[in-house]
Structures are given as C-alpha cells and as structure tokens.
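Chemist: Next come the chains, spelled out residue by residue.
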Amino acid sequence: MNIHMTGVGGQGIGLLSELLLRALSVAGMEVRGVDTHGLAQRGGVVNSQIRTGSGEFSPLIAPGGADLVLALERHEALRAVGGYLRDKGALAYYDAVWQPFEVRNGSVPGVSTEALHEECRRRDIRAVRVFRDDLPDPRMQNTALLAEVLHNDLIPGLRPEHVTQAMEDLLQGGALKANLEILGVR
Amino acid sequence: MKKLGEMLLGESPFRELVMGNTALVRGMVEAGVRVVTSYPGSPTPEIATAIASIRKELRPFHFEFCVNEKVAVEVAYGAAVNGRPSVVFFKSVGLNVASDTFVQLNHMDIPGGLVVIVGDDPGAHSSQNEQDNRHLARMSYTPVLEPASPSEAYAFLLTAVSMARKHRMAVMLRMTTHVCHAKEMVSFGGWPNTPRDDTPGFDGSGGSHIPIGAMVARMKKRAIERLQASREPGLDRVLENGNPKRGIITAGLPFLSVLDVLSGAARKPDILKLGMVHPLSLDTISGFLRAHEEVLVLEELDDFIEQSVKAMAHDSGLSTRVLGKGCTEDWIGEFTPGRVREILHRLWPDSVVAPVSMAGNLAAPVRFPQMCPGCGHRSAFFAIGKALRKNDITVADIGCHTLGFLPPHEIGRLLMSMGASTGIGQGLSLFNSERRVVAFLGDSTFFHAGIPGVINAIFNNHRLTLIVMENGTTAMTGHQEHPGTGRNFNDPTERIPIRKVLEGLGIQNITEVDTYNQKALTTAVGKALESPGLSVVIAKHPCMLKFSREQRRKPGFVQRHVEVSEDKCTLARECIDRFGCPSFKRDGETGRVSTNTDLCIGDGSCIQTCPSDALGAVAPGKESR
Ligand SMILES: Cc1ncc(C[n+]2csc(CCOP(=O)(O)OP(=O)(O)O)c2C)c(N)n1
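Sequence lines, in order, name chains A and B. The numbering used here applies: residue 156 is where the first sequence begins, and numbers increase by one. The numbering used here applies: residue -14 is where the second sequence begins, and numbers increase by one.
Calculated from the structure, these hints are not laboratory results. Some clues are possibly wrong.
With a straight-line Cα cutoff of 30 Å, these simulated DSS-like cross-link-like pairs (lysine-lysine) come out [what the hints assert, rightly or not]:
1) B:531 <-> A:332
2) A:332 <-> B:-12
3) A:332 <-> B:-13
4) B:531 <-> B:371
5) A:332 <-> B:371
6) B:539 <-> B:371
7) B:151 <-> B:230
8) B:151 <-> B:205
9) B:295 <-> B:205
Facing chain A, a subset of chain B residues (Cβ under 8 Å, in silico) [said to hold, decoys possible]:
10) 110
11) 168
12) 267
13) 570
14) 573
Please read all numbers here as calculations on a predicted model, not as lab measurements. Backbone N, C-alpha and C define an ideal beta-carbon position, used for all residues, glycine too.
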C-alpha cells in the first residue's frame, strides 16, 4: 500500500508519519518511508510517503501511485489528490485552512470543501473530512486525523493497538496522555 | 522502544526503524570514529540531531559544529592525521567552501583515515543548485561510495571508515536528499565499547605533509595509486534477469526507482548496481558490457559514470551500444520512480508502460514557503521597504531572510552563496552614483563567510549599506548555535557579539535596532542609505519559531492571539497585502480579514502596521466573537 501524507510546515506531518510508519511496523508490515520538507518548516508544503510491502523498492511514490492521501490542510489535500492519488483511491483530510499568500490577498480563489469533494467524486475517490472543535491544541489535528483513519478502516491491517503502541514508543508524559485521549481508541 | 541515544550505544546487535542520517551515526559508533565535525545544511543536519540524542559524557567521539565547512574539514583532518578516525559532514554546496583544503587531502598520509559525508541534493529541494560532487572527488583522487538506502548508508559508512584507515586516506560517502531522509528497518551490528587507543600518532618527519616543490609530484603519484588500490570487494552487484540484450548500470536512489519501474515490466533488463561510483571497476564494467548488446547508464545529475563506461567500452574494443543522457532534461532533477518510468518508456516502450498522466486534475493554488508568524525578518522587511527607493538595489544572502524576495516584500533581488551579498553589493556600487545598494547578511552567515566581504568594503572604501539580520540562531537549518549565541554544540561558550566585531574593524556608522520597532528601523535604514562609505544596520529580533517553541514548553503557558476588530477594520488590508503575516485570513466572499488562531502566536508585531488601529492582542477565551 502507498500512503502519501501532506500538509504545511508546522502542522505536524513529521509526527504523523513517524507514528504511522511505526504503527504499520508494529502491525507486522515491512515499511519504507521518506520525508520531503524542502525549506524546512518555513510555511511551505511538507510531504511524507510510506510504502508497505516486501522486497527492495524506492521509498518514493510515483505520481498517480498513492492508494491513500492523508492531508492536514484543505489546499494541500487538493494538491496531493491531483498529483499523487490514483483514481478510486481514498483521501482523508483534516479540514484546516492555511491560505497561501495569493489566496489571502485575493488574487486567486481558495479551495472550497465542495470543490475538493466534487473533484473526488469525478475521479471516484472516497473522501473523508475530519474536523473537531474540541481539540485542546491545533497541533493535535494530526492525531485527530489518525483516529478517523482507524475508525474508517482506511489502512487494512492497521488496528488501534498498533497506533497506541507507536505512540507509547514515541511520546511521553502529558503529550502521550493527550494524544491517546484524542485517538480515543474506540 | 529504547530512547534513541541509548539505542545508538547498544552493545548487542539490534534492528530499528531509522532514517539514513540516523543510521550513519550508529555506523560511526561501531566503526570507532573519534572525531566528527560539521557545518549545518540540508539534507544532513539530522545527523547532528541523532548525535545530540547521545548524552555528551557517553558519546564515544567528539562532535562539533564548526564555523564553516572549510574549518570543519580542517579540524577533522587535524584529528585524523594524528591517528583519530574522523568524519566530517555537510551539504552539497558546503564542499565548495571546504574545497581549498578538501582537494589536498589525498595528497597526504592520514593515519586515522577521514570520511567526508556530502549530502548532494538532486532536485535542489533545499539548495541553491544541484551540483554533482562526484566531480570534485575525481579532481582530488577521492574514492566515492554511494548508498541507495538507510541500510546501505550504514553499511557503506563502515566500509568507508575501514578503507580510509587501511589506506590512510580520505573517502567520500555521497548521500542524496532522499537517502538521508528515507526510513526503513535497519539491522545493526554489535559494539563492544572497548577502550580506544588515543596515542597521538602524527609523524611529520622529512616534510611528509608539506606539499611543496618536488614533494607534490610524489604525493600526487601516491594519491593516484592509492585511489586504484582502495576498492573493497562486494560494493557492486549484478541483478540477473536473464536478459542478454539489455542491461542497466545505475547507483544510489535511482537504483530503487529502477526496481520499482521494472517490477511490472516485460523482459526486464539485467541490472548492475554500483556501490562505488569512483573509480569504477574495469573488470565489472567490461564484464557487464560484454554480456549485453545494449546497456543504459541511468544516473542522476551529470554523465559521470556514463563517460567512464563509454571510455571503458572503447578501450576494451567492445561493440556494446552504451546509452546515457538522451536529452537536456536527463541532466536535471531527481530520478524518482516517476522520472525513471518516463526515461525507460521513452527508450524501451516495448518493455515499460508509460507513466500515469495527472495533467487533467484540478490544480491547487501555489504555495511558496514564507517567514513564520512573528518572524523578526518580516517586520524588518516591512520597515526597510519604507526607507527604500524604487531603483535601489537590494542583495539577498542565504538564510530565512532570503524569503524576503517573495511578495509582498520583494526585497533582495540577487542571491548567490553564503556571505556573497557584501562583495556583490560592492561591485554593484562601482560606477553607480544613481542607485543605492543594500546587502543583507544573516548572523550565522556573518561568521561563516561574511567577514571577508565586510573587510573588503573597508579596505577598498566601498559605498554600501549592510543590514545584518540578527536572530540569534542558524534558523533555516534548524536552530543550530553559532559563535554569536553564547553556546556551542556541547557547552556554554564566550559569545562573540557581531557589533563588537564590526567596531573592532573600525566601522563607525553602526546602528542597532530591534526589528519590532519598525519606525526606528525605517529611520535608521534611511539614514544609513544617505551616508557615504560603509554603513551598517543590525536589525535584530530573536527567531520567533525558536522562541515560541520554548515558551510553549513552559508550565502554565497560555497562547495569546491577535484579534481584528470588525468595527475598526476599514479593509485597508495592510496586514495581508504589505506586512504579509500568514496568520491573517481573508473571507473569500466578503473580503473581511480575521486571524487564523492555529497560526497566530500573539506576538503583536502586526499591530503597528494597521492604519485603522483595528488590531489588538487578546488572551485566550477573551475573543469578542
Ligand atoms: C555553504 C553553505 N553551507 C550551508 C548552507 C545551508 N544553509 C542554508 S540557510 C543557512 C542558515 C543561515 O543562518 P543565518 O545566516 O543565521 O540566517 P537565518 O536563517 O537565521 O535567518 C544555512 C547554514 C548553505 N546554503 N551553503
């Protein structure tokens, strides 16, 4: 399975992909991953990719080769769907909006949820929108998204206990507790 | 799972999911490396992050960030020539700064052995070019190992250290961005943690390390012979697909792309995967050529391997058709699975199907990187912009402040390399009394390569306004310390204040302004621009990304935000259109401005930019809506 994750620098794509990579490994899958962060955290696009399967292969996914896109921002969700997701694939996105400069200053229109879902329908892509107004910290949107990935069974073979284990490996103290709560293993 | 630092020092063999940069550090531990040096630059800084995870007292080697790459190579060479196995690492263009010393290394006898890890950047993800450092290795008689994955990075580092020690030489380990940042399960060996022999081993008798006169020829001869002798077995391998017609020679990450693309191909070519890309093994290459009618050399960036393979085919009198770069595009960018599919399909359409086209899909608006919320550089550009005339020439330098070239500021219209802004600015000011010239320089860059340019301006009486963008850290590459911060990688250290350095050089016209004090900065820059000779403005404000991360970790921290008063806002949109903070958002229908509370750090640097006094900072829960 090929998973493409995306967001804007500062949103926590790094932690999302670390957690997922480790959780898939705990689930017994052979995994490879890679981050592309370009100019580090400076408000640019951050991508991370994970591939599962056995044998020797590239960590990078070809355009149109992703089965699942996980996005932390609406504009980036559309960009990743258009650039990486195959027809009939799946998208799960946290509906945060961090407008690019040209959208803020009104020179180009932003991406609406309707436009995003319409594009997904056109290409037979299952789209799952995630949004919660009860998060104590916006930096937990990544975990909220992961919770919905589990809830909707978007990654066959990945179960809540795998993610819990990965969280316990990577986080500690207050952060661990808060994230486990958001995960709200159901 | 153990903590990273403990894991890296584990005495028994283990398996762990790690990125390439982390795998290298375990390699250094196992190989008995004693001294490691660096200057930060993507894609390599996470090597230092992994080193930092090991407690300083437990670290089996000394590590330091040096002031620049040249000094880093020199410190590592000094240690290695004294018998300490040493490693130096930096980004691709770091080798340019280091090269005056680097090109000499293999003229020397280096008893400890020295491994130079370069992080090349095909695709220029985080660099100002895509330079292919294999050329500098050839120029300096340095062997090059090129891993394709984290597992290979670890294994090749062990091999590189062993080659370097055995032959008392320097060896290059050439990483690329997505090998540094790839993650996979790596099987590591054990580490006995035996005491190390630290007897100083330098022997300089008979002028053995002085490349002057007749010694140069002798040293060069040894370098050439040692280069040929340094090859270790098992670095190159052939993947047989039973195809007598077609073969592919490849290396590094493109090898994995080839495997991906060929996984569904009809009539797969055989593959020769090179681990050592310089010098090539004549036996291996000619054997592979002999076994095929047609061989494609598939390599990222320049035609480095291709040229040698063609020469070998010619010298061996072989009639095998050797294919390589087919068009200019083949010299550019990363050979991802998508790119490799394009190339193989173009060449062998009967075997490889065309890439999926994504052309018709709905596109998203472009997103450029930008300065963070609260960034002091933003306030600086906003204020400096008000002091500039339209035809003034602004010269950028390397760092977060480079982003000032983008809208809305568009300040800094030329960019070259670290520390280049001052020299370029001086040239621009010659025979030019009409257009005033302003050069920018970051604080880490000031120490790295900025000082000679400043001295030249004094030495040759140039007219220039220099603005030092002092944020108290090496921000762009992940907040490393520098000589002006009062800490090095390991300990507190004497801070070197930039202002004092400038004063010590005899510069009289220096003003220092906190960038959040925008009016004062505009005035200071306006004055500096009107003065003859060299004038300096130190535009300072601590990096707010670093600052806000530190604040957030403190107990009882409450996040403040800036709020837009709907009553007062006249839609002048100065905050968005000219100040350009990403924390503001615009309602697509009404055009109204509000704050994105996910982003706003409540620093309030925007408040003074609003002509209608509509911005104000509020504590959480106090928002009026
Ligand atoms: C020769 C060289 N080494 C390293 C780098 C990587 N690099 C890019 S930006 C940067 C940071 C510069 O820091 P500073 O001058 O303090 O500016 P800031 O990012 O803090 O604004 C570095 C080291 C480079 N581009 N060239």
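Chemist: Are the Cα positions of residue 531 of chain B and residue 371 of chain B separated by 30 Å at most?
Modeler: holds, 28 Å
Chemist: Holds or violated: is there a CB of chain A closer than 8 Å to the CB of residue 570 of chain B?
Modeler: This hint holds: residue 570 of chain B lies near chain A, its Cβ roughly 5 Å from the closest one there, short of 8 Å.
Chemist: Hinted pair, alpha-carbon criterion (30 Å max): residue 539 of chain B, residue 371 of chain B. Please report holds or violated.
Modeler: violated, 37 Å
Chemist: Hey, residue 151 of chain B versus residue 205 of chain B, does the alpha-carbon distance stay inside 30 Å?
Modeler: holds, 18 Å
Chemist: Using the nearest Cβ pair, does residue 110 of chain B come within less than 8 Å of chain A?
Modeler: holds, 5 Å
Chemist: Hey, does the residue 168 of chain B contact hint survive, CB to chain A under 8 Å?
Modeler: holds, 4 Å
Chemist: With a cut-off of 8 Å, does the beta carbon of residue 573 of chain B approach a beta carbon of chain A closely enough for the hint to hold?
Modeler: This hint holds: residue 573 of chain B lies near chain A, its Cβ roughly 6 Å from the closest one there, short of 8 Å.
Chemist: Can you confirm whether the C-alpha distance between residue 332 of chain A and residue -12 of chain B stays at or below 30 Å?
Modeler: Roughly 18 Å between the alpha carbons, so the hint for residue 332 of chain A and residue -12 of chain B holds.
Chemist: Using 8 Å as the Cβ threshold, decide whether residue 267 of chain B counts as touching chain A.
Modeler: With a minimum Cβ separation of about 27 Å from chain A (threshold 8 Å), the hint on residue 267 of chain B is violated.
Chemist: Taken at face value, is the distance from the CA of residue 371 of chain B to the CA of residue 332 of chain A at most 30 Å?
Modeler: violated, 49 Å
Chemist: Regarding the pair residue 332 of chain A and residue -13 of chain B, is the alpha-carbon distance no greater than 30 Å?
Modeler: holds, 19 Å
Chemist: Please verify whether residue 151 of chain B and residue 230 of chain B have alpha carbons no more than 30 Å apart.
Modeler: violated, 40 Å
Comparing the model with each numbered hint stated earlier shows that hints 5, 6, 7, 12 do not hold.
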